[in-house]
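For chain A, the structure is supplied; the task is to place chain B on it using the hints.
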Amino acid sequence: MVVGERFDSELSAADVDRVFQALADATRRDIVDRVLQREASVTELAERYTMSFAAVQKHVAVLERASLVTKVRSGREQLVHGNPDMLRLVTRLLDRYEDLWRRRTAAIEDILAEDPPSAPPAPTLAQSVEDTPPPQK
Amino acid sequence: MPLIESKRDVDTLSMTFVAEFDADVERVWQLWEDPRQLERWWGPPTYPATFDSHDFVVGGRSAYHMTGPDGELFRGWWTVDAIDAPHRIEFTDGFADENGEPADFAEPSHGVVTLEEVAGKTRMTVVSTFANAESLEQMLQMGMEEGMREAIGQIDAILASQPVI
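Chains as they are written, first to last, in this note's numbering: chain A, 1 to 137; chain B, 1 to 165.
Chain A with its partners taken away, still in its complex shape (with noise of 0.2 Å):
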């Protein structure tokens, strides 16, 4: 079911999945920031944690999948490069998030600024009528 007008044309909902999937994983975040900060191979990736040659490629393949990574062929060597516009518009996503609930807390702020401050709550119009004493005669 589609509700209102997709607010990333560029990324499905899968998409967005996949991306949160792939930053799931302390290894995968590590990599994707040392590739925003410095392009590196798979191999230079792959000497910088205990496990196989085998299991960065293919966190490599997890982060080349949700677009956080690409790889550019350079001679014999596969160059992984992040992708800063797939993280931006993760963080676009949050921050819509946080958007609502800094509307509903303006919302609720102007509620409570309605009612003065320490003054007990307003009697219904029932109460005031039997709360009024009878007029001095």
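Treat the hints as calculated values from the structure; they're not laboratory data. Remember, it's a predicted structure, so these values are computed and weren't measured experimentally. In this text, a Cβ means the ideal position worked out from N, Cα and C, and glycines have one as well. All clues given are correct.
From chain B, some residues computed to sit far from chain A (all C-beta separations above 10 Å): (1) E33; (2) P35; (3) F51; (4) H65; (5) T79; (6) D81; (7) D84; (8) R88; (9) D93; (10) N99; (11) H110; (12) E116; (13) E117; (14) V118.
Using C-beta positions, here's what the derived DEER-type ranges look like: (15) E33/B x K58/A: 46 to 54 Å; (16) G120/B x Q57/A: 54 to 62 Å; (17) G68/B x G75/A: 52 to 60 Å; (18) D104/B x D85/A: 29 to 37 Å; (19) T67/B x D85/A: 32 to 40 Å.
Stretch-level coverage of chain B by chain A, calculated; a stretch enters the list once three of its residues show a Cβ under 8 Å from a Cβ in chain A: (20) 13-25; (21) 36-49.
Relative to chain A, chain B alone:
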């Protein structure tokens, strides 16, 4: 802006919001407990919420709908998982189909709200956890395209036309 802190956790798809209000804990609790007050701030301004039922006890269910700019209805529900008035509520929030039954197009989210007194004010902490990114995105598609300025203007207009509850 009363929001004092927000924190995201991409790993668990959860977000934490902390805000402080210049009111006592009981007063802020009413904003969650009283459906007429809750609906004044829960829905985005262009998708105002109406709570058709609101059973604020453990195991209680709420049914609400949000009305879009073209009159289209989007239905949602809450179940209250734990409650400790006026300090803590845990609830599950999901979309519903036209019969009010939980919809299958998005997983529900889980919310934990705590209210505590801090130096004469009330600190409200809301932790929201989503099952997956798609569910978060579904929720965000309602009314999120509007700018902050318009949203605030709309709230002001509503408040100005309503008597104090």
